[in-house]
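*Asks:* Each chain, letter by letter, is given below.
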Amino acid sequence: MAKHDTPMLDELEKGPWPSFVTDLKRQAETHPECWDILGQLELSYEDKITHWKHGGIVGVFGYGGGIVGRYSDVPERFPGVEHFHTMRVAQPSGMYYSTKHLRAMMDLWDKYGSGMTNMHGSTGDMILLGTKTENLELVFWELTHDLNQDLGGSGSNLRTPSCCLGESRCEWSCYDTQDICYALTMHYQDEIHRPAFPYKFKFKFSGCANDCVAAIARSDFAVIGTWKDDIQIDQAAVKEYMAGNFPANGGSHKDRDWGPFNINKEVLNLCPTRCMWMEGDELKIDDSECTRCMHCINVMPRALKPGKEKGATICIGAKAPILDGAQFATMVIPFIEISKENDYENIIDLIETIWDWWMEVGKNRERCGEAMQRIGLANFLSIMNVEPIPQHVREPRSNPYIFWKEEEVPGGWERDIIEFRKRHAA
Amino acid sequence: MAMSVEEVEAAIIEKASKAPKPQLYIKDFYKCDPDRKPREIKKIANKLVTKGELMFWSSGSTTMYARPDRIKDEEGSEGIN
Numbered sequence: 006m007a008k009h010d011t012p013m014l015d016e017l018e019k020g021p022w023p024s025f026v027t028d029l030k031r032q033a034e035t036h037p038e039c040w041d042i043l044g045q046l047e048l049s050y051e052d053k054i055t056h057w058k059h060g061g062i063v064g065v066f067g068y069g070g071g072i073v074g075r076y077s078d079v080p081e082r083f084p085g086v087e088h089f090h091t092m093r094v095a096q097p098s099g100m101y102y103s104t105k106h107l108r109a110m111m112d113l114w115d116k117y118g119s120g121m122t123n124m125h126g127s128t129g130d131m132i133l134l135g136t137k138t139e140n141l142e143l144v145f146w147e148l149t150h151d152l153n154q155d156l157g158g159s160g161s162n163l164r165t166p167s168c169c170l171g172e173s174r175c176e177w178s179c180y181d182t183q184d185i186c187y188a189l190t191m192h193y194q195d196e197i198h199r200p201a202f203p204y205k206f207k208f209k210f211s212g213c214a215n216d217c218v219a220a221i222a223r224s225d226f227a228v229i230g231t232w233k234d235d236i237q238i239d240q241a242a243v244k245e246y247m248a249g250n251f252p253a254n255g256g257s258h259k260d261r262d263w264g265p266f267n268i269n270k271e272v273l274n275l276c277p278t279r280c281m282w283m284e285g286d287e288l289k290i291d292d293s294e295c296t297r298c299m300h301c302i303n304v305m306p307r308a309l310k311p312g313k314e315k316g317a318t319i320c321i322g323a324k325a326p327i328l329d330g331a332q333f334a335t336m337v338i339p340f341i342e343i344s345k346e347n348d349y350e351n352i353i354d355l356i357e358t359i360w361d362w363w364m365e366v367g368k369n370r371e372r373c374g375e376a377m378q379r380i381g382l383a384n385f386l387s388i389m390n391v392e393p394i395p396q397h398v399r400e401p402r403s404n405p406y407i408f409w410k411e412e413e414v415p416g417g418w419e420r421d422i423i424e425f426r427k428r429h430a431a
Numbered sequence: 017m018a019m020s021v022e023e024v025e026a027a028i029i030e031k032a033s034k035a036p037k038p039q040l041y042i043k044d045f046y047k048c049d050p051d052r053k054p055r056e057i058k059k060i061a062n063k064l065v066t067k068g069e070l071m072f073w074s075s076g077s078t079t080m081y082a083r084p085d086r087i088k089d090e091e092g093s094e095g096i097n
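Protein chains in written order, with this note's numbering: chain A, 6 to 431; chain B, 17 to 97.
Looking at chain A on its own, in the form it has when it is part of the complex (with noise of 0.2 Å):
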């Protein structure tokens, strides 16, 4: 039985999309707090502002992370969401579970919370919203002790690592994701646990350029696995894509009739280097001029693999548009060799060459890709220790000036007038 009512929020049961309102109404059967959520969320429609308060003190004892403070500020008129905390669970590389770990999971959340969840956050996190600052050690320590699973990060901490399923399913992965994803988490446990940043930092991992974590666009740390060398192409296959006998992307459009594979449409003329062509009825590839975009080897996967030396672009940093509008992260590193043996100890080194720089000079509530825009690429990568390379150059120069360091001239600021007088009269 309804305890609100809320006609505006009813519209949105009719449609032919699922509902989340038929979705609370459903948990509210056994979560009554659940019927609050639904008063609040009416009045607010009605009032055309947010009653949700958040932030706060809440927390687990030594964390500074991985819960949001959440209050409704008309407690008297919802008491079931005076508080309605929401824990960020760390989720595990590549977002493996097995059904009974997620039931556990689910069974502690009906047991503390009310049973709402968000899989996944943006941030990657298994999101449970709603619960009391009473239940948040009691949860915790369920979590961390009976399901072996920990919070994730919020606030100026280091946000949870992610990364794509990488090697365990995909052929196409230039290194292994996941391994790298839990060895950063691992090394970093006290940057997720505890604020460290002037903002939030987030580290994400793509095995290969069709970035499947969306790292380009929403990490400040972007590592995309690419290769150096030249793609493999078994020219057979190509032939037999040609002749219609292999579907084009490993039949993903097969729901309806494309009309017979054109490699010209399909492939070469969609290439954004222009890069490849037919001679007869083989496949070349200028492989300098490829910029490892993927397309191709999606169209084509029994014809072409990505080449056989493998490693990662690095880009940095992206982030969502609160202040400047939304930002992808920019290409600073082309190529570096992802390994294992060494304990990722080059990509380490790069992580923390940023924070010390941007843990300076960043501004309160400052991402790292806004410190970048305000200081200029130029500067970052003088900073970054990176030979700047014309793959840097988004456009041309648009100022005519170019502000010289004193060791780029020759004889420096300091110079023999008179020898120089003897070149250039006065």
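To be clear, the hints were calculated from the coordinates, so they are not data collected in a lab. Note that the coordinates shown come from a computational prediction; the quantities given were computed from them, not determined experimentally. Check each hint, because a few of them may be wrong.
To be verified - List of simulated lysine-lysine pairs, BS3-like, C-alpha gap at most 30 Å: (1) A:K368 with B:K43; (2) A:K137 with B:K63; (3) B:K63 with A:K58.
For chain A, the structure is supplied; the task is to place chain B on it using the hints.
*Replies:* Frame of chain A; chain B shown alone:
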């Protein structure tokens, strides 16, 4: 001469006790010992949390530090919202 950890701790506590707003960003503590790297200051501040001298105050997206006696309780905190 470089400040000892105990001296930095005392400077951080003093800063957190006297700042006009109860919640401070980690960056606000950097000047307590300008010779130390920010990551060292962060470690000292987080140690003070485990000792109960400071506490974390989170807005959800940003985490700040405060003296426990300057924050009333979850509902009554003078937040930055």
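*Asks:* The structure should be examined with respect to each hint, and the outcome stated for every one.
*Replies:* Results for each hint:
1. A:K368 with B:K43: holds, 8 Å
2. A:K137 with B:K63: holds, 27 Å
3. B:K63 with A:K58: Holds, at about 29 Å.
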